[in-house]
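Residue numbers (the numbering used here), protein chains in the order written: chain A, 7 to 368; chain B, 115 to 480; chain C, 15 to 308.
Think of the hints as simulated: they come from the structure by calculation, not from any bench. From the three backbone atoms N, C-alpha and C, an ideal C-beta is built for every residue, glycine too. Careful, some of the hints might be misleading.
Stated by the list, open to error - Footprint (simulated), chain A over chain B, 3 or more residues, beta carbon under 8 Å:
id, region
1, 154–167
2, 237–249
3, 277–290
4, 313–326
5, 342–350
6, 355–365
What the hints assert, rightly or not - Short, incomplete list of chain A residues facing chain B, as computed with Cβ under 7 Å:
id, residue
7, 43
8, 112
9, 227
10, 305
11, 308
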Amino acid sequence: MSLILENIDLKVGGESHITDVNLELQPGSFNVLLGRTLAGKTTLMRLMAGLDTPTRGRVLMNGQDVTGVSVRHRNVSMVYQQFINYPALSVYDNIASPLKLARVSAAEIDRRVRQTAEMLHIEHLLDRLPLELSGGQQQRTAMGRALVKDADIVLFDEPLVNLDYKLREEFREELRALFSKRHCIAVYATTEPAEALALGGHTAVLHEGRLLQYGRTEDVYHRPRDILAAEMFSEPPINILRGIVSGSEVTFDRRMHFPLNDDLRRLAPGEYRFGVRPAHVSLAPRAEDDIEVRMTVEMAEISGSETFLHVASELFHLTVHLEGVHEFDPGQAITLYIPTHKVYAFDRAGAVVHIPSHAGRA
Amino acid sequence: MAEITLKGLAHSYLPQPTSPGDYAIREMDHVWQQGGAYALLGPSGCGKSTLLNIISGLLEPSSGEVLFDGERVNSLPPEARNIAQVFQFPVVYDTMTVYDNLAFPLRNVGTPAGRVHERVLEVADVLELTAQLKRKAKNLTADEKQKVSMGRGLVRDDVSAILFDEPLTVIDPQLKWKLRRKLKEIHRRFNITMVYVTHDQLEASTFADKIAVMYEGQVVQFGTPRELFEAPNHTFVGYFIGSPGMNFLEVALRDGRVVSGAVSLSVAPAVHRAVAEARSTNLKLGIRPEFVEVHPAPVEDAMEARVEDVQDLGTYAIVQLRLGEIALKARVEEDEPLPEERAWLRFPVERLGLYVDEFRVEIPHE
Amino acid sequence: MNDKLYNNRAWWLILPMLLLVAFSAIIPLMTVVNYSVQDVFDAHTRFFTGTEWFRETLNDPALQAALLRQFAFSLTVLAIEVPLGISIALLMPRKGWQASAVLILVTMPLLIPWNVVGSIWQIFTRGDIGLMGWGLRELGYGYNITRSAADAWGTIILMDVWHWTPLIALLCYSGLRAIPDAYYQAARIDRASRWAVFRYIQLPKLTNVLVIGVLLRFMHSFMIYAEPFVLTGGGPGSSTTFLSQTLTTMAIGQQDLGPSAAFSIIYFLIILLVCWIFYTAIMNLQKDKQNKGA
Numbered sequence: 007m008s009l010i011l012e013n014i015d016l017k018v019g020g021e022s023h024i025t026d027v028n029l030e031l032q033p034g035s036f037n038v039l040l041g042r043t044l045a046g047k048t049t050l051m052r053l054m055a056g057l058d059t060p061t062r063g064r065v066l067m068n069g070q071d072v073t074g075v076s077v078r079h080r081n082v083s084m085v086y087q088q089f090i091n092y093p094a095l096s097v098y099d100n101i102a103s104p105l106k107l108a109r110v111s112a113a114e115i116d117r118r119v120r121q122t123a124e125m126l127h128i129e130h131l132l133d134r135l136p137l138e139l140s141g142g143q144q145q146r147t148a149m150g151r152a153l154v155k156d157a158d159i160v161l162f163d164e165p166l167v168n169l170d171y172k173l174r175e176e177f178r179e180e181l182r183a184l185f186s187k188r189h190c191i192a193v194y195a196t197t198e199p200a201e202a203l204a205l206g207g208h209t210a211v212l213h214e215g216r217l218l219q220y221g222r223t224e225d226v227y228h229r230p231r232d233i234l235a236a237e238m239f240s241e242p243p244i245n246i247l248r249g250i251v252s253g254s255e256v257t258f259d260r261r262m263h264f265p266l267n268d269d270l271r272r273l274a275p276g277e278y279r280f281g282v283r284p285a286h287v288s289l290a291p292r293a294e295d296d297i298e299v300r301m302t303v304e305m306a307e308i309s310g311s312e313t314f315l316h317v318a319s320e321l322f323h324l325t326v327h328l329e330g331v332h333e334f335d336p337g338q339a340i341t342l343y344i345p346t347h348k349v350y351a352f353d354r355a356g357a358v359v360h361i362p363s364h365a366g367r368a
Numbered sequence: 115m116a117e118i119t120l121k122g123l124a125h126s127y128l129p130q131p132t133s134p135g136d137y138a139i140r141e142m143d144h145v146w147q148q149g150g151a152y153a154l155l156g157p158s159g160c161g162k163s164t165l166l167n168i169i170s171g172l173l174e175p176s177s178g179e180v181l182f183d184g185e186r187v188n189s190l191p192p193e194a195r196n197i198a199q200v201f202q203f204p205v206v207y208d209t210m211t212v213y214d215n216l217a218f219p220l221r222n223v224g225t226p227a228g229r230v231h232e233r234v235l236e237v238a239d240v241l242e243l244t245a246q247l248k249r250k251a252k253n254l255t256a257d258e259k260q261k262v263s264m265g266r267g268l269v270r271d272d273v274s275a276i277l278f279d280e281p282l283t284v285i286d287p288q289l290k291w292k293l294r295r296k297l298k299e300i301h302r303r304f305n306i307t308m309v310y311v312t313h314d315q316l317e318a319s320t321f322a323d324k325i326a327v328m329y330e331g332q333v334v335q336f337g338t339p340r341e342l343f344e345a346p347n348h349t350f351v352g353y354f355i356g357s358p359g360m361n362f363l364e365v366a367l368r369d370g371r372v373v374s375g376a377v378s379l380s381v382a383p384a385v386h387r388a389v390a391e392a393r394s395t396n397l398k399l400g401i402r403p404e405f406v407e408v409h410p411a412p413v414e415d416a417m418e419a420r421v422e423d424v425q426d427l428g429t430y431a432i433v434q435l436r437l438g439e440i441a442l443k444a445r446v447e448e449d450e451p452l453p454e455e456r457a458w459l460r461f462p463v464e465r466l467g468l469y470v471d472e473f474r475v476e477i478p479h480e
Numbered sequence: 015m016n017d018k019l020y021n022n023r024a025w026w027l028i029l030p031m032l033l034l035v036a037f038s039a040i041i042p043l044m045t046v047v048n049y050s051v052q053d054v055f056d057a058h059t060r061f062f063t064g065t066e067w068f069r070e071t072l073n074d075p076a077l078q079a080a081l082l083r084q085f086a087f088s089l090t091v092l093a094i095e096v097p098l099g100i101s102i103a104l105l106m107p108r109k110g111w112q113a114s115a116v117l118i119l120v121t122m123p124l125l126i127p128w129n130v131v132g133s134i135w136q137i138f139t140r141g142d143i144g145l146m147g148w149g150l151r152e153l154g155y156g157y158n159i160t161r162s163a164a165d166a167w168g169t170i171i172l173m174d175v176w177h178w179t180p181l182i183a184l185l186c187y188s189g190l191r192a193i194p195d196a197y198y199q200a201a202r203i204d205r206a207s208r209w210a211v212f213r214y215i216q217l218p219k220l221t222n223v224l225v226i227g228v229l230l231r232f233m234h235s236f237m238i239y240a241e242p243f244v245l246t247g248g249g250p251g252s253s254t255t256f257l258s259q260t261l262t263t264m265a266i267g268q269q270d271l272g273p274s275a276a277f278s279i280i281y282f283l284i285i286l287l288v289c290w291i292f293y294t295a296i297m298n299l300q301k302d303k304q305n306k307g308a
């Protein structure tokens, strides 16, 4: 089962919600839709499910045009942000409900409900009512209902938003393992870059109804196509510095000049925006061609194992993500090192013109 | 300005609580010092919201005392406590402008218009809301609304503490970074006691100087983020703080060796002694994924493990390992070599903690 | 611009509805329009009169008086029922068995048919056996709805308030229940007075249900017929003869089909116009707020 969206537009009352989206989802793939609130994630899912019909373009399932086919004929299931279950039915009957509608035999229903419940670790709760359960267990029940019917496409619309941080971690790991064994297409919407990375698979970065980039999650993260995709897919947000390349050097902050190293030599003279991941800035030089910058600390946020430094010079701000605990007072002067071999360069239009050769491990 | 003291505080939603399980808050003593930035961290249902409502006065505790600067306030309503609260979902007065929203708490107590104006402009400036002052609060974005509800607490001169109830729940990740910085900045500038309730350890640890970790109605550890990370005094804290949480291995002494399940662990003599001295059968060794040494090739005193999965999280990776039957996680930085199929592990003694009946026992080391 | 790309076949789906509306509304209405521009003597003799009936009707002093009475009545009951309904909703308990009990009690008057309401009050106000009529007389007030226009008016308004305030109360109650607790908590922390809580939290959240309530009540009260007809028969004199009763007398009693058809149309247009003005005014009020904000 493959799913193809072809030149999809959706306009409602003259307002564009989705603009020219082309997307091909492979059979058995796990796909994350990453984007901010109102980026069009839910809308795109509704189009995939057949809950909405695109204004333009086609939706193909297994090569067959299903653009106008209603959700009832598509074998799709969906899990929502809110925990949606039938409040009057037990967990067992909740999970069994899609099978009952499909008139599956009682013995088969029993087998599949128990199997699904076991997979989701709620086999001991089958007799309970949803409202007697914790939030996590309610969401597991809702997932059970989505998974039990062997849908061709399973859609998750920010399913973990209303759950505790720690529970989210567990769910992500389980989902990753669960879908590695299934053949359906899974689509998962989230606003959090970290969640996309933790889920793996493929990622589609959305912004204002447009698809910025789609590919394997690591590739999209390490090789953003443009500055927007890089900004959407980074947490803490990637640092963007303006710089001018002239001859054999780069000028930042009007005063700081640096010779171009081997990596950046191919850049033609002109103005660029350079992207530096917060985790790549360090307190000590790691390579000879690191750029030394003197900044002032605005604030240090210390979690138990990491430090997030917010530093500024007259012309730019940097966010720095350091391993370990480092204490700094606001106003303190600090020297930092930016590794030039890990820097991205974007042209004036925002398109990426240079990706560091060591991006990621791949 | 206030120091908030909780003395023998307990609360149950039942009229006649009998067992400890009936209590949402089990008896506790706690002090929040004037001007501190604190977090109350725990999973849902641990009692953290109950505690917050007791402090703000929305709820009266079943027993014990709440003291503000030594004065008992148990039965004082919220309006008499000089406390501000920011809720999970932004609460603004829809039909009022941002200006009127900010002025509201001052006008309610008949503050002269000149003073109101002065304070509103000052607070709007700090919160970067000056440009929005004339807009209706209804039309703001979620983060702007949260700033407005925070601002209503800040305009008052008499506010002694601001309580935050998971205030960043509805905010997008990129904006969370900005708003969290703003919070810290405000804390520094106004010298107000702040208590921040959350289930998100990153939010808690980046905001607070000290964190109280709550579990089943009790504060299990109160310490700096660093203490919680490096020396969690309870297995729950080890699990809850850190992402992923601490690895725990159930251990025992068998034939003179420290074993976990069928695996004989290679650990320092100090660990061996500590395990031998412990008087319980519930023994666990805890080590953070950050501190597990992972080698792609055999090294001295290392234990061989199977690599089950590698999650690339951008600038680092989490490797899922199996040591015998025990599942372990280790964090490998971008610049470090990743193991394939097999890995060789070492547990540095200074990073190991021994947990006897779920509580930490220090392992002496040089 | 690309609206034409919408699937236009969906329009067929509203065809049954269109037919239904045609039979139930448009055809009867057109019949009335037909009569309103003709003078009908019998089944075969009729003359086209143009706008004559309309002019005549609009200049009829009896109808003008009825129209004024009608507006006075509708505005009075709205002015009483809306604040009263809101107050009752605010006083109603929010949970527990008391909430259910009060809810049933409040709903009761709504369940009684119009003409029965009239009969109930007719008996209730009788001086010999009615509790209110008898009681007031015993207290020394010469209460008599068949003689005193003021008494008749007062009683009809009282009856309408009794019958319909629960509707406003119920609508507001449901609106109030939808306000999250956090709003009240925030207001307490902001030291807001009870009045401020009402003015800035409860009233804004009630706007939408109140619009519906006011529209419904306006239309209802403007068309009131059965209750005053049973209670006072429009008297004493014509002091409580409202529009619909005047129209009925004209159409059925006097068989003046032309003028009564013209009058029906004017009646219909007045209700439509008032509702439209009210609705657009409220909506514009909200829109202005948004525009100012943007």
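Comparing the hints with the structure gives:
1. 154–167: holds (count 3)
2. 237–249: Answer violated; 0 residues pass the 8 Å Cβ test.
3. 277–290: Coverage by chain A holds here, the residue count being 3 at a Cβ distance below 8 Å.
4. 313–326: As far as the region 313–326 of chain B goes, the hint holds, because 7 residues have Cβ atoms under 8 Å from chain A.
5. 342–350: Our answer is that it holds, as 3 residues pass the Cβ test (under 8 Å) against chain A, meeting three.
6. 355–365: holds (count 5)
7. 43: holds, 5 Å
8. 112: Violated. Min distance 36 Å.
9. 227: holds, 5 Å
10. 305: This interface hint holds because 6 Å falls under the 7 Å limit.
11. 308: At about 6 Å, which falls below the 7 Å cut-off, the nearest Cβ of chain B leaves the hint on residue 308 (chain A) intact, so it holds.
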